[in-house]
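> In case you want the letters, here they are:
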Amino acid sequence: MKRSGHRANLYPYALLSPAMLATVCIVLIPMLYTVSLSFMNHVLWRPQDMGFVGLANYARALQDEVFAISFRNTITWVAGVIGLQLILGFATALLLNRDFWWRGLARSLILIPWVTPSVITALMWRWMYDGNSGVINDILVRLGVIERYIPWLALSETSLPAVMIALMWQGFPFFAVMILAGLQAIPTDLYEVADVDGANIFQKFFRITLPMITPILFTTILLRTIWVANSLDIIFIMTGGGPGYASYTLPLFAYIRAYQGLDFGYASTIAVYLTLLLVTIVAVYVVRVLRSEDAMR
Amino acid sequence: MKRSSHAMRSLFLIHLPVLLIVLFAIGPYIWSLISSITPEGAIARGGVRYFPEEPTLENYRRLFARIHFADNIFDSMVVATLSMLFGLSVSVPASYSFSRFRFRGRRVLLLQFLVINMFPVVLLLIPLFVIMSRTGLMDTYFALVFAYATFTIPFSTWMMTSFFNAIPRELDEQAQIDGCTQLAAMMRVIVPIAMPGITATGIYIFITGWNEFVFASVLTGSRVTTIPIALQNMVGEFQIAWGLLTAGGVISAIPVIVLFFFVQKQLISGMTAGAVKG
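First to last, the protein sequences are chains A and B.
So in this note's numbering, spot 205 of the first sequence is number 205, and the numbers just go up one at a time.
So in this note's numbering, spot 204 of the second sequence is number 204, and the numbers just go up one at a time.
There could be a bad hint or two in this list.
In silico SDA-like links for lysine to any residue, alpha-carbon gap of 20 Å or less [as the list claims (entries may be wrong)]: (1) B:K265 with A:Q184; (2) A:K204 with A:Q184; (3) A:K204 with A:P187; (4) A:K204 with A:F90; (5) B:K265 with A:R98; (6) B:K265 with B:A166; (7) B:K265 with A:F174; (8) B:K265 with B:I254; (9) B:K265 with A:A185; (10) A:K204 with A:A185; (11) B:K265 with A:W114; (12) A:K204 with A:L94; (13) B:K265 with A:W101; (14) B:K265 with A:D99; (15) A:K204 with A:L183; (16) B:K265 with A:L183; (17) B:K265 with A:R107; (18) A:K204 with A:L223; (19) B:K265 with A:N97; (20) A:K204 with A:R60; (21) B:K265 with B:T199; (22) A:K204 with B:I14; (23) B:K265 with A:A181; (24) B:K265 with A:G104; (25) A:K204 with A:T214; (26) B:K265 with A:V43; (27) B:K265 with B:I193; (28) B:K265 with A:R103; (29) B:K265 with A:K204; (30) A:K204 with A:T188; (31) B:K265 with B:M195; (32) B:K265 with B:P192; (33) B:K265 with B:I203; (34) B:K265 with A:I112; (35) B:K265 with A:L105; (36) B:K265 with A:W102; (37) B:K265 with B:P255.
Everything labelled a hint here was simulated from the structure, so no lab data went into it.
Please model the entire structure based on the sequences and the hints provided.
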């Protein structure tokens, strides 16, 4: 009896051990390594200068104009992409919550962007934005919105917004699906009572729909903010950060410093700055999960 | 009279707006499909053609004949499959443990899996590069399998914990009364019931491995070249063969879209379950 009780105590840990071992080896220790690199001068092609430099990299970032541009772009990028995805996703969810005969088909088709590989998203949009044969230019000229073709990705005013629209395309289905799940969880008798009281469509939306889905909106925005802030593949493939530094964001800056500059020390510092920027958002999300998730009890 | 005005209303308030959104969602694919059957010469001349005069499958043929795209498909297949097997074999026991047992440190460990999933990829890029170079795993399948495990293990563990939670605990107890050991109860009773959820999670890992670009660009590239890297390599400095590129894009997107449709119900319910309650 005593023996089986002892086994029951260790059993859950035994089941967890492979996952824990993997996480410690390939996530936790590597992250600590990155943090330690951020205090070092570590440029692969200058081994003679390697060594501990304290906070020098952190100070360097604050003086670095590219870092400042990347920081500002990251804020624009996150606010813009999340705003666009939220608006389109919300509209989509409201429409898909109505009853019409091809709703199932529409819902499936709308999910396609979400499973599209980032590389393909980036290349398809790059091709559509093309300055000579881009279909977007053709449509806009036909509609009379623009007079002549614009090389959207090659102009510093338009390159970041153009990439943001591509990311809106890839991410709005996630918002739509989450908000739709929230809408379907609203008890229909709330609306029936409102009908009896003679509420109009706007009153129903602002008094019932919006308050009922506020929690799910908040959770989705937090999750997507973290994801969008970290994403770099689509920008990298569409513009490479250019023209100049016009579409640099912090993760892209870190990636380019590490991958093309082989400056591991400074790249690590940028990555740590990005993490610090996200920590509050992650913390808010974690508190929400702790309060709501049954699994945490 | 009333009926037709109702039909007009639903046309303008539902059908047309939904159609516009659907067109926005699949428009890029339609355009890629058109470009992929347009002869490269016609594309190079510039201008926009919605109906290519001489539609051709030449781009698809060249993709396999000259670019060795079949090798890239094979590499992606191996990486995605191994990632799925590794990810599942590690996270199925972990999520079963989180779902079925209450032990010291459980909340912290569970939370830890949630939090590490949110850290920037760039934070792991450099150390994984160093680890793979030192262990000689650079440019091998395993480099990517381990790199992808950094985000697939936490994600799948969370996802499957909620799937396991949906299975009544009485089933485990019943199995043990019937003489099964705890391990046998898990493997023979609970895992089969959770199979739809496990399959959905596995396919999600497969899709992620198939789609991933950032780690693949740093950790592989010559001996192992997955599809995303191959496509990116086709982007030359000056002249881009868009017919070829769109053909490659269409070919490599089809498998993930098809796979996704098989499991979309499971995946979406798994992802939204926690958030709806929140």
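> If a hint holds in the structure, say so; if it doesn't, say that too.
Comparing the hints with the structure gives:
1. Between K265 (chain B) and Q184 (chain A) the CA atoms are separated by roughly 15 Å; this keeps the pair inside 20 Å, and the hint holds.
2. Only pairs whose Cα atoms come within 20 Å are accepted, and K204 (chain A) paired with Q184 (chain A) is accepted, the gap being roughly 15 Å.
3. Of the pairs offered as hints, the one joining K204 (chain A) and P187 (chain A) holds, with about 13 Å between alpha carbons and a cut-off of 20 Å not exceeded.
4. With a C-alpha separation of about 16 Å, the suggested pair K204 (chain A) and F90 (chain A) falls inside the 20 Å cut-off, and the hint holds.
5. Distance restraint check for K265 (chain B) and R98 (chain A): the Cα-Cα separation of roughly 19 Å lies within the 20 Å cut-off, and the hinted pair is therefore satisfied.
6. Between K265 (chain B) and A166 (chain B) the alpha-carbon distance is near 15 Å, which keeps this suggested pair within the 20 Å criterion.
7. Proposed proximity of K265 (chain B) and F174 (chain A) is supported: the alpha carbons are some 13 Å apart, at most 20 Å.
8. With a CA separation close to 19 Å, the supplied pair K265 (chain B) and I254 (chain B) stays within the 20 Å bound.
9. Of the pairs offered as hints, the one joining K265 (chain B) and A185 (chain A) holds, with about 16 Å between alpha carbons and a cut-off of 20 Å not exceeded.
10. Restraint check for K204 (chain A) and A185 (chain A): satisfied, since their Cα atoms lie roughly 16 Å apart, inside the 20 Å limit.
11. Between K265 (chain B) and W114 (chain A) the alpha-carbon distance is near 14 Å, which keeps this suggested pair within the 20 Å criterion.
12. Of the pairs offered as hints, the one joining K204 (chain A) and L94 (chain A) holds, with about 13 Å between alpha carbons and a cut-off of 20 Å not exceeded.
13. Under the criterion of a C-alpha separation no larger than 20 Å, the hint pairing K265 (chain B) with W101 (chain A) is consistent with the structure, at around 19 Å.
14. Taking the CA atoms of K265 (chain B) and D99 (chain A), the gap is near 19 Å; set against the 20 Å cutoff, the hint holds.
15. A C-alpha spacing of about 13 Å is found between K204 (chain A) and L183 (chain A), which places the hinted pair at or below 20 Å, so the restraint holds.
16. A hinted pair counts as satisfied when its Cα atoms are at most 20 Å apart, and K265 (chain B) with L183 (chain A) qualifies at roughly 17 Å.
17. Between the alpha carbons of K265 (chain B) and R107 (chain A) the distance comes to roughly 11 Å, so the proposed pair stays at or under 20 Å and holds.
18. With a C-alpha separation of about 28 Å, the suggested pairing of K204 (chain A) with L223 (chain A) is violated against the 20 Å cut-off.
19. Taken as a hint, the K265 (chain B) and N97 (chain A) pair is honoured in the structure, with Cα atoms around 16 Å apart against an allowance of 20 Å.
20. Distance check on the hinted pair: K204 (chain A) and R60 (chain A) sit about 54 Å apart at the alpha-carbon level, beyond 20 Å; violated.
21. Annotation: proposed proximity of K265 (chain B) to T199 (chain B) holds, straight-line Cα distance about 12 Å (limit 20 Å).
22. Between the alpha carbons of K204 (chain A) and I14 (chain B) the distance comes to roughly 18 Å, so the proposed pair stays at or under 20 Å and holds.
23. At most 20 Å may separate the alpha-carbon atoms for a hinted pair to count; K265 (chain B) and A181 (chain A) meet this at roughly 12 Å.
24. Simply put, K265 (chain B) and G104 (chain A) have alpha-carbon atoms about 12 Å apart, close enough for the 20 Å limit, and the pair holds.
25. The hinted pair formed by K204 (chain A) and T214 (chain A) meets the criterion: a straight-line CA distance of about 14 Å does not exceed 20 Å.
26. With a C-alpha separation of about 48 Å, the suggested pair K265 (chain B) and V43 (chain A) falls outside the 20 Å cut-off, and the hint is violated.
27. At most 20 Å may separate the alpha-carbon atoms for a hinted pair to count; K265 (chain B) and I193 (chain B) meet this at roughly 16 Å.
28. Distance restraint check for K265 (chain B) and R103 (chain A): the Cα-Cα separation of roughly 15 Å lies within the 20 Å cut-off, and the hinted pair is therefore satisfied.
29. Between the alpha carbons of K265 (chain B) and K204 (chain A) the distance comes to roughly 29 Å, so the proposed pair goes past 20 Å and is violated.
30. A C-alpha spacing of about 12 Å is found between K204 (chain A) and T188 (chain A), which places the hinted pair at or below 20 Å, so the restraint holds.
31. Distance check on the hinted pair: K265 (chain B) and M195 (chain B) sit about 14 Å apart at the alpha-carbon level, within 20 Å; holds.
32. For a cut-off of 20 Å, the pair hint linking K265 (chain B) to P192 (chain B) stands: about 18 Å separates their Cα positions.
33. With a CA separation close to 13 Å, the supplied pair K265 (chain B) and I203 (chain B) stays within the 20 Å bound.
34. At roughly 14 Å between alpha-carbon atoms, K265 (chain B) and I112 (chain A) fall within 20 Å of each other, so this suggested pair holds.
35. Pair hint K265 (chain B) plus L105 (chain A) holds up; C-alpha atoms about 13 Å apart against a cutoff of 20 Å.
36. For the hint pairing K265 (chain B) with W102 (chain A), the CA-to-CA distance comes to about 17 Å; that is within 20 Å, so the pair holds.
37. With a C-alpha separation of about 18 Å, the suggested pairing of K265 (chain B) with P255 (chain B) holds against the 20 Å cut-off.
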